[in-house]
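Bring the two chains, given one by one in their own frames, into a single complex with the hints.
So the protein sequences, as listed, match chains F and B. Under my numbering, the letters of the first sequence match residues 61 to 173, in that order. Under my numbering, the letters of the second sequence match residues 544 to 1431, in that order.
Watch out, some of these pointers could steer you wrong.
Below, a list of computed lysine to aspartate or glutamate pairs in the EDC-like style, where the Cα atoms sit at most 16 Å apart [to be verified]: (1) B/K775 / B/D803; (2) B/K1275 / B/D1093; (3) B/K1275 / B/E823; (4) B/K1332 / B/D1423; (5) F/K134 / B/E1272; (6) B/K1103 / B/E1248; (7) B/K1078 / B/D1390; (8) B/K580 / F/E130; (9) F/K134 / B/E706; (10) B/K845 / B/D712; (11) F/K134 / B/D567; (12) B/K1103 / B/E1272; (13) B/K1275 / B/E1095; (14) F/K78 / F/E149; (15) B/K845 / B/E675; (16) F/K134 / B/D1423; (17) B/K580 / F/D100; (18) B/K845 / B/E706.
If we take Cβ atoms under 7 Å as the criterion, some of the chain F residues that face chain B in the derived model are [claimed, not checked]: (19) Y88; (20) L102; (21) A103; (22) Q106; (23) H118; (24) G120.
None of these hints come from the bench; they were simulated from the model. Note that beta-carbon positions come from the ideal geometry of N, C-alpha and C, so glycine has one too.
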Amino acid sequence: MSKQADVLQGTLDMLILKAVSLGRLHGYGVLLRIQQISKDRLAILQGSLYPALYRLEHQGLIASEWGESENNRKAKYYRLTPAGRRRLEQSARSWNEMTDIIGTILGTRSEEV
Amino acid sequence: MILRDLFLRIRALVAPHRVERELDEELAFHIERETQKHVTAGLSPVDARTRALARFGPVPLAADRCRDARGTGFVDGLVRDILYAFRTFRRAPLAALTIVATVALGLGLVAVVFTVYSMFFLRVDAVRSPGELFAVELERWAGADADEDGPFTRPDYDAMRRETSVFTDALAMLPMNVTRIGGRPTVATLVTGNFFHVLGVQAALGRPLLPEDDEPGAGRPVIVLSDAGWRKLFRGDRAVIGRRMVVNGAPYEIVGVMPDGFRGLGVTPPDYWAPLALAEQFRDDAAGRADEIAVEVIGRLKPGLSPEAAAAALSVWASGRAEFKTPVGRPIQVSLTPRQGTLSSDGFALVFSPLFFAFGLILTIGCANVANLLLARGVSRQREIGIRLSLGASRRRLIRQLLTESLLLSLVAAACGLVIARLFLEGVLYATITTLPPEMAQFVNLFNLAAPAPDWRMLVFVAAGAVVSTVLFGLAPALQATRLDLVPAMHGDVMRNVHPRRARHALIAVQVGASALLLICAAIFLRGAVAAATKDPGVRTSDTLRVSIDTETWRAAVLKTLRAHPLVAVVAASSRGSTRGVVETSLGEGGAETPSRVPVDQMAVSSEYFNVLGLDLVSGRGFTPTERTAEAGVVIVSESIARRLWTNGSGVAQVVRLEAPPSASPGGPSLPSRTLTVIGIVRDPGSGSSSPGTVGGVYLPTGPESPGTYLYLRVRGNPEQARLALLEEGLKGLDPGFGIMTLRAGAGMQTYMLQLAFWLTVVLGGLALVLTVSGLFSVLSYLVEQQAKEIGVRMALGATTRNVAGLVLSQSIRPVGIGLAAGGGLAAAVAIVLMATPAASEIGDLDVLDPVAYAASALVIATACLIAVSVPTLRAARIDPIATLRND
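With the rest of the complex left out, here is chain B (with noise of 0.2 Å):
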């Protein structure tokens, strides 16, 4: 019956001219027989007729009728209401245009923001029932940091699969291997055998990673390719597999390539998978003790059982477990979190929240825009509204027509934002990623970070933001306008404060000091980026490499390749950072009644780390290469510092007490409070916050041997060339991102970030002037289209043209006005804040209170918004009085 109904509705809807006809034929066939029952009854052909029609009633109600039971009424109407509503866009295009491209950004640029939310946050990975798994995390005793915590290692893992059963199988992995292959910096993720099996993932090509792989002490060399990893690797070659891979100089089978979207349960994917019992080939650290390494261990829970309590059993296992070494008598907690290729750190919502704000001020300038339109839109069309309720539309079919019509420009602007979103994405990916300093490029890179395609989720929020900003900004219009004063809106007489003057002005006002505070931000960063590119770093970057050695037991082979290798001039070394410290001098030394007492931050360097960053002696004598400790009791001052220590600016010779705080960074001094004889002062290295790893202050000796110091090279030729040459030495033990970079990059990286800021927040204040003039200029368009009959009076009655102009003017400058104050303001008031926070130290050298920048942006918007004012300025002069009075 069900099915019956709705065969006839598709039949109606999809061949609707022959269920008409059908309709036609039927009714005809009636009046027909019944006229000829008449003429057989003795009636002329014509009366017969009449008396058939007569007693048949109105035939096109009972058609009508006949339809309405049909259940094709509504679809009928919306068809009608459709088709209309074209006619409408085509006789007012740029309205249309306007609203479909004003919405299309803001939903555009919404759905930005919800791709990288939902990447990070919503995207599950492509296995099976990610519900069912957890990461399993030991916490040895309650409020223990994570440092503190012991790994979970491999045979650990294999005694908890053997020794529990709260899960139906479990998989370690261990993530992040950086390799190179062919000059490439690629990433592995370490599996164990098991991994695709638990996930329940088939190889696209090929086949996954089997237990055989994976035998502890007996790993086979085979690799599985992640889809990323094929397309980067080999060009998405078919013909892969079975080809071998030279991976750390050892050669490797590539036996498959897993399906795209699948990501091993991380946001991005690495690019290949080996097994696990393969460790001590990828991780320089685990040479010889693979055990040890801490793996990530993640299970898929029993059906049917609680985590609450599978946490509990495992619980009462890892406490029982000897080799959980803990602090006596604490038991050891262990919790599982979901695990399903998201992030659940909402940590990211702190960094990401003046991103989400600049977005979202967008948002709020179109919205205040596509109100005005339609608003003004509905105003301008009350006369043909007032037509067609007077010609007996109900006012439901009308608010339902005018909805109608907001919806299908919503979903045009969903699809065109779609559109917008991807190309946003993708332009800003792209620009990031080949505008980055090449170390860091290389460490993104490793990431394979891509652009999500638009998945239903997308497709499903961009929907529903249409359909949403339809009933926001096209209901209230449609309820305005349609209600009506009969009469007087067939005569053209629109209705006045349809919509009150304050709360236009209050939009206008909000768009201008949001598109001020975008602006203000653009032109500070630019500033900023411009200073800091200028400014001199204070040390030599010109041929300066940086070295930072991840591993400790790699130092030595480190630092013997460096040394012999031509490119490379002078080895250096420093503290990673400095600490804080208080130097005193001694009595009556240098003059000084009273022992002065200078804070200072001191670091540790070692004998040829002057040389190489280019830091001149003002006097004395830098460290010989045997004090490399601070037990020589030798100490080097900076300029600034010697000159506040004593009188006469030079220290040499004199005995210092130097205080450090109690903890002290890796690799710098350490020891509390010593005595110190100072042997040499040294030029400052300039205010120096964009040179790493400098500061004015106070230097201990150190040596490059010492552990946890940076490597300073002096490289012969291109740094970048030098650099590139080191990478392929394939040095072990180096921080796997930022493991050799030259100087000149990390100056250059501060200003890059600052570039970075300018163009996204030039490119979203410039969207927000856009949006902000197209609004005023359809704000004022529609005031003076409002008006015309006034300013005809005014005209008719001897005002001039320039009252007229500076009527309409007058009527922009103050929302303007305000809006452009408050934005500067409310910039203002941040910035202040900003600078009282601790959050200080981190804007280093950018000046947010920078009056260039304050003052450029506003005259652009004042620029801008003179422009969009004009062109309804003109208009309003231009109007004809005659013309304007006589239209009623």
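Just chain F, same shape as in the assembly (with noise of 0.2 Å):
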């Protein structure tokens, strides 16, 4: 297995809201989802998802019902909320300016001060 990089504090929930944001899911699948648009390059304390699934639930951010699986066993499956894709997006958009800045930042040469 390749070095993962570990998930930075604070962002499991907004990688969570992204994740079932494409599409309903159960927690193992936002688990799956994670590590497939990551190509596994994140590594994810399998069970600190659920905690963070639970806070979101309780946010009101996502919706959760009981629903068949693939293989026909019952799973709970999340949803996104309408509050939760603002959050998303929020979230996103500081992520992203932050992010550049901190681009900025490292990038900075010598001569450009």
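Given below as structure tokens:
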């Protein structure tokens, strides 16, 4: 397995929201989706996914319902709520802004100062 | 979002099993799929599962974090704490029970005081916007007495309604009209027709009084019952509307019943309301001059207007009104006082302060007890707490758990306290009313006193009391108990001097002292009551009635009826009470070289007075029926005064000068300094303070026709039956409360008051003693437990059972002794201070320094303490040294 990056503090929520925004998913599905998009470059302690899901659900950003999984098992599915969509857009915007600023700072060469 | 959160939390609380199962399923699903993935990748099922679990991390931890995210952790913890607390209570039920009982008693008694306080000062009447209601009071000129203020009459009220605009509307009422309905005394409030409309109260049955019922001069004979009156007179019969009721001989129609809780702006409700236009039918003194009766005026202030501005506007109006006669040039001040069905007077605090003090003492003792008990419990649980701490429980968590336990106990105690308060109040009320002398009971019954139903104020108060007591008694012991050195605590080595011995002894001393104070009071009251009951009243009470006339215009009619009544044998009269005076003999009389001057009580009596009250003439003669004013120039002197005036004790036919003080009581002799001839010497009425209206001193003549005098009747047969028979006559103008009373009851009144005081103090003192004893018991038991090892060592070294018992006993003798001395000393000090103040005359024959009372109380307390101490002492003596020493 190639070297994985740790999930940055506070970004797991954002990743989950993003994953769920692409369609309803069960908990394991969220993990698969993140691994799939990130091409398995992110290391996620799988157990920490669920407290985050519960927290987001309590904040009303995602909603859950029970449904049938691909192999006919009962599974709990999560989907994004309108509030979650707003939150996702907002955090994506500030994330991009932040990476832009930090990228600029890190990319600065001595002659530019 | 918040709703969603709330929904999820509630779901987690109401269906915890389902939520837990779902969580388990979800996590299991994840691990199963991950395992499957690894199996597909070629791992054996066992290895696949192991790897899946490793990737997932600790499953219980994840589940726990999910629960935390769910926000039910606090509640889960609480539930666990509560369950744990119940287990603890089951393990030591006696301790839990003792704490609950103690706190319940304390809270209950405080709740009683609060209920009484709330009833008089907080319980706003159930009317619309009570904050807008103000009583209008006139002050004719600054510093005027209430008596000097002229009345605010119905025409004044009508004019105020017409001519001023500070109120949205105003009502007038005339409370406390005593009437007899079916032989039962009832009380009516006369009100203007807009009364119920202004207050915004609807009738529970029928209709309220309306303005049409109250046309001046043409009032309709209709009445509206209060809930209390409805229950009292008709036992809550719903078919009462339209029924007729005879009041003062005239029929009235019942048109409505008001709801429970409406008191007509009083502390207690009247029995019924009737139109003010009918005042002449209710007031003996109103015949033909209804417009001159003073009424209470209450207005509903216009919104946005301040009471000060309104009072100023009303003052201007009142000063301009010609009917308000004032001394020249003085403006009239009108003041507005809030009127919401409560009392605003703070004079009550003074009257009730001994009562509050007594209840407060019980609370003090209870508090000391609970503090001691919890502290002892905390220490006895040090081992358990030490183990839990070393297993990783946080101190915060443990304190929370200990406080949860205390709070649970307090809440249970609060619930019990409410019941105790209720029972206590109803018990006292019932006991008081059923044991009152009939005259007084009749008077008290007019007020429709009832223990108020517990309302939200009561619940809030008791709940707050429970929380406060939890913090007070639970927090310190919880902090104390969790501040532990872990290793010795686990070994069962309880810490020494967790609570300083001196403080503990002080608590015991305070408890014993307070009990002693209360029990000494009880004993003094009991001795006083016994003395008063067995004392010779000094005057004839077996067949004597006293009649008190309130409205002098009816005196002639009353006298006529009484004299013609078959049960009345003789009618006599006397002034109400006596006035001070000085008697001076002439020079040289009776062998004296200087005139003797003796201060005396003087009183006016009629010719039959000595006969009716059984005061025999020692020498000379009594007044003749024609001698009925002081102008007759004759005086009768009592034996003791005669002995002081004349060396030979006989002053018949002597001439004396009587100097009277400037003002005299109504009906009494009022002319100063007159020369009188002594015509007789009469027996002293005894020490006599228990017999109303009798003194030793000098007597001037008066007659039953003189205004302001009491009438004394010699009746035939049983005086109580005669009293009831006379009440049936429907005499007008009598004092509503004590119009006719038997002298026997009058003499019994003092005994009764002392008995009441005795019972109250003996109940409180008994409670104090029980608490003290239980406190002493628990503290000593705890000490014995704490010292078990020490005692064991001593016994192993050869101490005898007697030595050990002596050791335990010696620890309690000092504080108990100090407490007894302090309580007795305090009681004596209060007594001595009381004797030195003017209040001493109020105490009457009460011997406040009665040594028997002091000794008896001390004996009772010492005995009780000895019993409390004996159990732990015996336990200490039975300690097995081997067992205690091995107990490590």
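Each hint tested on the structure:
no. : hint              : verdict
1   : B/K775 / B/D803   : 13 Å, holds
2   : B/K1275 / B/D1093 : 9 Å, holds
3   : B/K1275 / B/E823  : 12 Å, holds
4   : B/K1332 / B/D1423 : 10 Å, holds
5   : F/K134 / B/E1272  : 92 Å, violated
6   : B/K1103 / B/E1248 : 10 Å, holds
7   : B/K1078 / B/D1390 : 14 Å, holds
8   : B/K580 / F/E130   : 14 Å, holds
9   : F/K134 / B/E706   : 82 Å, violated
10  : B/K845 / B/D712   : 8 Å, holds
11  : F/K134 / B/D567   : 12 Å, holds
12  : B/K1103 / B/E1272 : 12 Å, holds
13  : B/K1275 / B/E1095 : 10 Å, holds
14  : F/K78 / F/E149    : 9 Å, holds
15  : B/K845 / B/E675   : 8 Å, holds
16  : F/K134 / B/D1423  : 65 Å, violated
17  : B/K580 / F/D100   : 15 Å, holds
18  : B/K845 / B/E706   : 15 Å, holds
19  : Y88               : 5 Å, holds
20  : L102              : 13 Å, violated
21  : A103              : 10 Å, violated
22  : Q106              : 4 Å, holds
23  : H118              : 5 Å, holds
24  : G120              : 3 Å, holds
Hints 5, 9, 16, 20, 21, counting from the list given before, are not met by this structure.
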